[in-house]
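As they're listed, the protein sequences go chains A and U. The opening position of the first sequence corresponds to residue 1 in our numbering, with each subsequent residue numbered one higher. The opening position of the second sequence corresponds to residue 1001 in our numbering, with each subsequent residue numbered one higher.
Just so you know, the hints here were simulated from the structure itself, not pulled from any lab data. The beta-carbon is built from N, C-alpha and C at its ideal position, and this holds for glycine as well. Just so you know, not all the hints are guaranteed correct.
Said to hold, decoys possible - Derived pair list, reagent style BS3-like, types lysine-lysine, alpha-carbon separation capped at 30 Å:
hint, chain 1, residue 1, chain 2, residue 2
1, U, Lys1113, A, Lys157
2, A, Lys231, U, Lys1173
3, U, Lys1173, A, Lys157
4, A, Lys29, U, Lys1173
5, U, Lys1255, A, Lys139
Unchecked claim - Listed next, with one range per pair, are the computed distances between beta-carbon atoms:
hint, chain 1, residue 1, chain 2, residue 2, range
6, A, Ser206, U, Ser1157, 37 to 43 Å
7, U, Leu1252, A, Lys160, 17 to 23 Å
8, U, Ser1174, A, Glu56, 17 to 23 Å
9, U, Leu1112, A, Gly44, 36 to 42 Å
10, U, Gln1253, A, Glu161, 15 to 21 Å
11, A, Leu195, U, Tyr1258, 24 to 30 Å
12, U, Pro1107, A, Ser206, 29 to 35 Å
13, U, Pro1090, A, Ser206, 43 to 49 Å
14, U, Asp1254, A, Ser86, 33 to 39 Å
15, U, Tyr1108, A, Ser206, 55 to 61 Å
16, U, Tyr1108, A, Glu56, 32 to 38 Å
17, U, Pro1090, A, Ser163, 35 to 41 Å
18, A, Pro131, U, Tyr1108, 47 to 53 Å
19, U, Ala1101, A, Glu161, 35 to 41 Å
Chain by chain, the residues run as shown.
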Amino acid sequence: MKKNSSKISTSNENYSHLELVNLGKIFFKEKKFIDFRSKGNRSGFEAIKDINLRIEKNTFVSIIGPSGCGKSTLLNLIAGLQAPTSGKIIIDGQAIKGPGPDRGVIFQNYALMPWLTTIQNIEFALNTVFPAKTKADVKERARKYLRMVGLEKASNKFPKELSGGMKQRVAIARALSINPNMLLMDEPFGALDALTRSYLQDELLSIWRKNKVTVVLITHSIEEALLLSDKIVLMSSGPSAIISEEISVDLERPRDREKIEQDPTYLKIKMRLEKHLLRETRAVEEVT
Amino acid sequence: MNKAISTRLTFVVAILSLLIFIILWQVIAQQGLLVKNFPGSFKTIGSLIWWVSDPFFDNGPNDLGIGTNLLISLRRVLIGYSLAVLVAIPLGVLMGMSKLAQSSLNPYVQLLKPVSPLAWLPVGLFVFRNSEITGIFVIFITSIWPTLINTAFGVASINPDYLRVSKSLGASKSITIRRVILPAIMPNILAGMRISMGTAWLVIVAAEMLLGTGIGYFIWNEWNNLSLENIFVAIIIIGFTGFILDQFFGFLQDKFDYSI
């Protein structure tokens, strides 16, 4: 496997790349003026609780769960966009305090700035993360990453002139351009049509093979998780969602989309995932 | 093909309706159908040509060319308006970003916004003892509200994805404001600035009737001369100038339209 072949002996050897320890997040209601009298005991919505997870360097991990289970919350916590209510997020042995350029984030709605061209979108990220780099350096690096996602020719186009798939490729280029060692993706292909989606999945795999990064992917597609991941993390239905299972996907890489669908291991895991998701979704739907 | 025909047709209809309007006006005035001595369109057009052919003469404050008066008004508007924009945008960004600023400043905005800016004229005259500065001050007060409110609204309703990208990259507050928030709310700022300019141009005419010089004073002066045709000339010039100013902002808004 990839992770074994490429390990370099460092002092970080003993750490997992990412470690979540008793992580929990409660969203409290905003305190209104009228609430001043009721001290303490603020009621809130507990999205996730007691999340414990270890992710090894350069592995591809998918987090899957019924909708509304707090998958995105979990990703936002890892990205440092929100602070956890309890627990710790440890990266390379260090507890994180907020967002950082060691993690590249990719959002479902691409989140490209519409007033910037594709290359300028990437340059914005580079200028923010590496303020000391010269203009020429930044431009060259931005171009390099656009080339990587095959969009060199669209460098002077604005996001509104691009298709959804192209936009997401720019977003991937932007996230990777800052040279993160972790890529956090929140349902990145959820808004794309099936064909574009498979194209981008293949693209992502080949990019992942070339750039050594740890990937955490939020998805609700079982097939996507199976095709891409080394490990699939199953979450229970919210509120107070927990990790109900971790499944290693021991399928050989590179994986062929058509061939693995015949693989007995693939089918076994797929069945298990379907059962779980169905049960958890039923739990969500039948409560209300 | 169809488009070309309809453009030509629109043009023909526009010219025709203008001709009909001019003729009707002339007939009504000549026959005294409205009131006696109401100037006809021919006389007004004659005056218009006279004023426009030599717009920049200066025979003392009560006898200025219409171009000179127009420039005086435009200068007051541009100074007061620019100062207002310089205050409104940062203040609007602050109100949009901070709940505290929003809740502490909003009552003043809501209270002062509905007041006719002309109510500030005596205050300005008392404080500044100078009609020029008072004019600028009144335009400042006029222009500030729409830009301020639109800017604050723009910041408060900004697409959270942009802010998340900026935050995930570890961008400082200053970078986020300059490189994300300000460009993102450009359409809102420009919409506010367009309304501000429209109102400022409305208000300057009224304010100048009390201040001396400027296109508004020109109207007041011609009223004292009982020269209604010159007032019509001023109305045409004011309307045309306002139209050009508005079109300029329309052009800017098109430039900064990010919609997909």
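- prompt: Do the Cβ positions of A:Leu195 and U:Tyr1258 conform to the proposed distance bound of 24 to 30 Å?
  reply: holds, 28 Å
> Is it true that the CA of U:Lys1173 sits at most 30 Å from the CA of A:Lys157?
Replying inline: holds, 28 Å
Point to revise | Status of the given 43 to 49 Å range, CB of A:Ser206 versus CB of U:Pro1090 | key: Roughly 47 Å apart at Cβ, these two residues keep to the hinted range, so it holds.
* Keeping to a limit of 30 Å between CA atoms, is the pair of U:Lys1255 and A:Lys139 held or broken? -> holds, 25 Å
U:Tyr1108 and A:Pro131 - C-beta distance against the hinted 47 to 53 Å
violated, 38 Å
Q.
Tell me if the beta carbons of U:Leu1112 and A:Gly44 are separated by a distance inside 36 to 42 Å.
A. Because 39 Å falls inside the window, the suggested range holds.
| query | Does the Cβ pair U:Tyr1108, A:Glu56 satisfy 32 to 38 Å? | reply | violated, 57 Å
*Kindly confirm whether 33 to 39 Å is satisfied by the beta carbon distance between U:Asp1254 and A:Ser86.*
violated, 51 Å
Can you confirm whether the C-alpha distance between A:Lys231 and U:Lys1173 stays at or below 30 Å?
violated, 37 Å
Could you check the hint for me, namely that U:Tyr1108 and A:Ser206 are 55 to 61 Å apart, CB to CB?
Cβ of U:Tyr1108 to Cβ of A:Ser206: about 58 Å, so the range 55 to 61 Å holds.
- Item | Outcome of range test on Cβ distance (U:Ala1101, A:Glu161; 35 to 41 Å) | holds, 37 Å
Practice task
Go ahead and decide if the range 35 to 41 Å is satisfied by the Cβ distance of U:Pro1090 to A:Ser163.
Solution key: At 38 Å between Cβs, range holds.
The structure does not agree with the numbered hints 1, 2, 8, 12, 14, 16, 18 stated previously, though it agrees with the rest.
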